[in-house]
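Q: As given, the protein sequences belong to chains A and B, one line each in that order. Using UniProt numbering, you'd call the opening residue of the first sequence number 1 and step up by one each time. Using UniProt numbering, you'd call the opening residue of the second sequence number 1 and step up by one each time.
Derived from the structure by calculation, the hints contain no laboratory data. Each residue gets a CB set at the ideal place from its N, CA and C atoms; glycine is no exception. One should not assume that every hint holds.
As the list claims (entries may be wrong) - Derived CB-CB ranges, DEER-like:
(1) B:A50 to A:E228: 20 to 30 angstroms
(2) A:G113 to B:G236: 16 to 26 angstroms
(3) B:E232 to A:T335: 46 to 56 angstroms
(4) A:T220 to B:D11: 26 to 36 angstroms
Number of protein chains: 2
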Amino acid sequence: MRATTIHSPYDIRVEHVPDASVRQPGDAVVQVLRACVCGTDLWAYRGESARQPGQRLGHEFLGTVTDIGPEVTSLRPGDLVIAPLSWSDGSCVYCTEDLPSACPNGGIWGAVGSDGGQGEAVRVPYADSTLVQLPADAASDDRLLNALLTLADVLGTGYHAALSAGARPGASVAVVGDGAVGLCAVMAARMLGAENIVILGRHPARLELAQKFGATAAVTERGDAAVEAVRELTGGHGVHASIEAAGTAEARNTAIAATRPGGAVGWVGAPHGSPLDTAMLFIRSITLRGGIAPVRAHIPTLLPRILDGTIDPSPVFDGTVALDAIADAYQAMNTRTSLKVLITP
Amino acid sequence: MRATTIHSPYDIRVEHVPDASVRQPGDAVVQVLRACVCGTDLWAYRGESARQPGQRLGHEFLGTVTDIGPEVTSLRPGDLVIAPLSWSDGSCVYCTEDLPSACPNGGIWGAVGSDGGQGEAVRVPYADSTLVQLPADAASDDRLLNALLTLADVLGTGYHAALSAGARPGASVAVVGDGAVGLCAVMAARMLGAENIVILGRHPARLELAQKFGATAAVTERGDAAVEAVRELTGGHGVHASIEAAGTAEARNTAIAATRPGGAVGWVGAPHGSPLDTAMLFIRSITLRGGIAPVRAHIPTLLPRILDGTIDPSPVFDGTVALDAIADAYQAMNTRTSLKVLITP
Chain A
1 MRATTIHSPY DIRVEHVPDA SVRQPGDAVV QVLRACVCGT DLWAYRGESA RQPGQRLGHE
61 FLGTVTDIGP EVTSLRPGDL VIAPLSWSDG SCVYCTEDLP SACPNGGIWG AVGSDGGQGE
121 AVRVPYADST LVQLPADAAS DDRLLNALLT LADVLGTGYH AALSAGARPG ASVAVVGDGA
181 VGLCAVMAAR MLGAENIVIL GRHPARLELA QKFGATAAVT ERGDAAVEAV RELTGGHGVH
241 ASIEAAGTAE ARNTAIAATR PGGAVGWVGA PHGSPLDTAM LFIRSITLRG GIAPVRAHIP
301 TLLPRILDGT IDPSPVFDGT VALDAIADAY QAMNTRTSLK VLITP
Chain B
1 MRATTIHSPY DIRVEHVPDA SVRQPGDAVV QVLRACVCGT DLWAYRGESA RQPGQRLGHE
61 FLGTVTDIGP EVTSLRPGDL VIAPLSWSDG SCVYCTEDLP SACPNGGIWG AVGSDGGQGE
121 AVRVPYADST LVQLPADAAS DDRLLNALLT LADVLGTGYH AALSAGARPG ASVAVVGDGA
181 VGLCAVMAAR MLGAENIVIL GRHPARLELA QKFGATAAVT ERGDAAVEAV RELTGGHGVH
241 ASIEAAGTAE ARNTAIAATR PGGAVGWVGA PHGSPLDTAM LFIRSITLRG GIAPVRAHIP
301 TLLPRILDGT IDPSPVFDGT VALDAIADAY QAMNTRTSLK VLITP
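Please model the complete structure; the sequences and the hints are all you need to start from.
A: Below, the structure written as structure tokens:
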């Protein structure tokens with residue numbers, strides 16, 4: 001089969017690799033219908049996160065089950081399924097506490113020795129607990145498939161950020177970052193009942209999408225000026241809930257500074273760069289909550305909202321390329337020409 | 001009147017200063033019956049926190065109201081009262097949200113221009129909202145007075161740390177630091193229903209007191225070895241709730257590393273030294289919550305527990321000196337000869 005690999009920074013290839021196959025009794029094989037490129041994939045692309053030469057890429061995909069191991073009980077070949085960004089055993093203490101991201105038997109697609117989502121097929125460990133079945137008729141609905149694909153990462157991660165920050169009715173919310181996670185966080189904050197949602201970003205098309213998703217104000221300044229603007233929008237206080245959805249030191253400290261005393265910062269951007277402003281956290285009694293999103297745990301909440309039309313995150317995708325041209329997708333996202341690119345094998 | 005001042009590191013004096021008096025209509029004057037020295041006072045003592053020459057010291061005191069301004073309605077001269085570590089207006093949005101530590105009209109005793117608790121009397125702004133009345137008959141009960149004095153800071157701060165960390169029935173708790181705040185955090189964690197409480201410290205008398213307050217295990221190692229020991233005590237996982245009650249970088253990172261995925265660190269030690277281990281926080285989805293304790297907000301919860309005998313924090317005091325000898329108290333605490341020293345004017 002064909003799959004995306006990385007050999008060195010900016011050297012993305014589509015290569016022939018061994019076919020995905022059942023190796024453990026709980027495995028399933030999923031033929032990928034749709035995958036996409038994540039902002040965190042760009043860290044590998046740019047060499048900011050180390051990868052071994054030839055390592056697979058991609059942790060977002062949905063597709064059709066083509067084979068199952070003898071212990072798989074809830075899925076059958078032909079089922080349409082979504083995979084969250086990591087597999088998990090479903091039975092450990094962390095999985096039962098809705099923190100599958102801490103599963104000791106878990107892992108993220110594309111880790112050494114595993115298949116990546118940006119390929120023709122994926123071997124899925126612990127298929128019963130990892131995969132979530134989708135309605136069969138979704139397969140013929142392009143918009144719906146796109147929306148469902150966001151359950152793999154960006155929607156679940158944005159939702160986790162909004163939950164972690166304490167977005168709720170009556171709370172003011174700031175979202176730092178206008179990438180796909182930030183936009184999904186806006187949507188999630190709205191879904192959680194927040195009425196005043198400020199997006200911090202600079203890209204006009206993304207800010208427009210943020211507004212469509214529920215943002216009530218946009219702040220295009222950066223750094224101290226952005227913090228000042230958020231405070232002005234909130235009677236001088238800052239927001240109850242800040243969402244850091246960029247993963248940079250500047251975004252983190254902007255999120256902290258834009259939060260009012262007693263508020264919380266939800267962070268889902270992996271730590272990059274210089275340290276947190278801990279003095280500000282301490283003096284203002286601001287809670288820091290989040291981390292790698294337990295996306296699998298949020299699918300049962302989010303899937304019904306997509307299916308019933310309450311939310312439609314599909315517009316986060318603004319481009320599609322075939323698997324063989326995936327290097328173009330990386331380039332377009334790296335230059336911020338595209339927000340998030342779909343891959344069709 | 002006499003009051004404690006600091007002129008440079010290690011230069012603690014008791015000097016004649018202008019008498020505390022009513023200056024604003026909401027002020028009260030409190031004649032100090034008991035004060036004490038806090039671990040954070042030692043930062044000023046050692047020159048780690050800047051002070052202006054002649055600045056007052058002490059933020060923990062209880063005493064008797066001797067004068068009130070015309071707008072004070074809930075107190076009368078003769079009332080026995082406890083003051084929390086900071087004054088607050090009781091009417092701002094933060095005070096009404098139980099976060100008086102963020103009151104824009106608030107301040108900490110000993111700040112430039114205010115009286116300190118380590119003196120004969122203190123002018124108390126916003127007396128109605130700042131002070132809490134105590135039963136008159138407590139004045140004749142030495143043990144009870146000592147216990148009540150802990151409401152000024154260490155008990156409320158330890159309780160805030162335990163709450164922030166999520167101490168609760170079924171949760172395992174680690175307390176990093178065997179100072180008075182750490183010991184009070186042990187007591188608070190127990191009060192909140194935690195059954196497994198590990199104290200991390202090295203001082204035998206303090207560990208004994210921790211056990212008396214509810215600790216079920218003690219870890220005397222430091223750094224990685226301490227983390228390993230906590231994990232061994234918790235089935236390899238780490239604790240649900242870690243309390244950082246020392247204010248050092250090492251204590252903070254030990255608290256983080258000793259916490260299990262999805263757990264929380266309650267921090268009440270002001271940030272000192274090198275940065276937080278944010279990667280560990282992120283990867284393990286650990287919440288960081290706390291900050292300057294809103295001690296005033298916790299008095300209504302804690303005072304009745306002291307009065308009905310549910311808790312008795314009075315043993316955190318292991319020495320008493322007269323105001324004129326307060327330099328000895330600083331020295332004894334700085335050398336860890338004393339845990340916490342009472343001051344009687």
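Q: Hint by hint, say whether it matches the structure.
A: Hint check results:
{"no.": "1", "hint": "B:A50 to A:E228: 20 to 30 angstroms", "in the structure": "holds, 27 angstroms"}
{"no.": "2", "hint": "A:G113 to B:G236: 16 to 26 angstroms", "in the structure": "holds, 24 angstroms"}
{"no.": "3", "hint": "B:E232 to A:T335: 46 to 56 angstroms", "in the structure": "holds, 50 angstroms"}
{"no.": "4", "hint": "A:T220 to B:D11: 26 to 36 angstroms", "in the structure": "violated, 52 angstroms"}
The structure fails hint 4 only (numbered hints given earlier).
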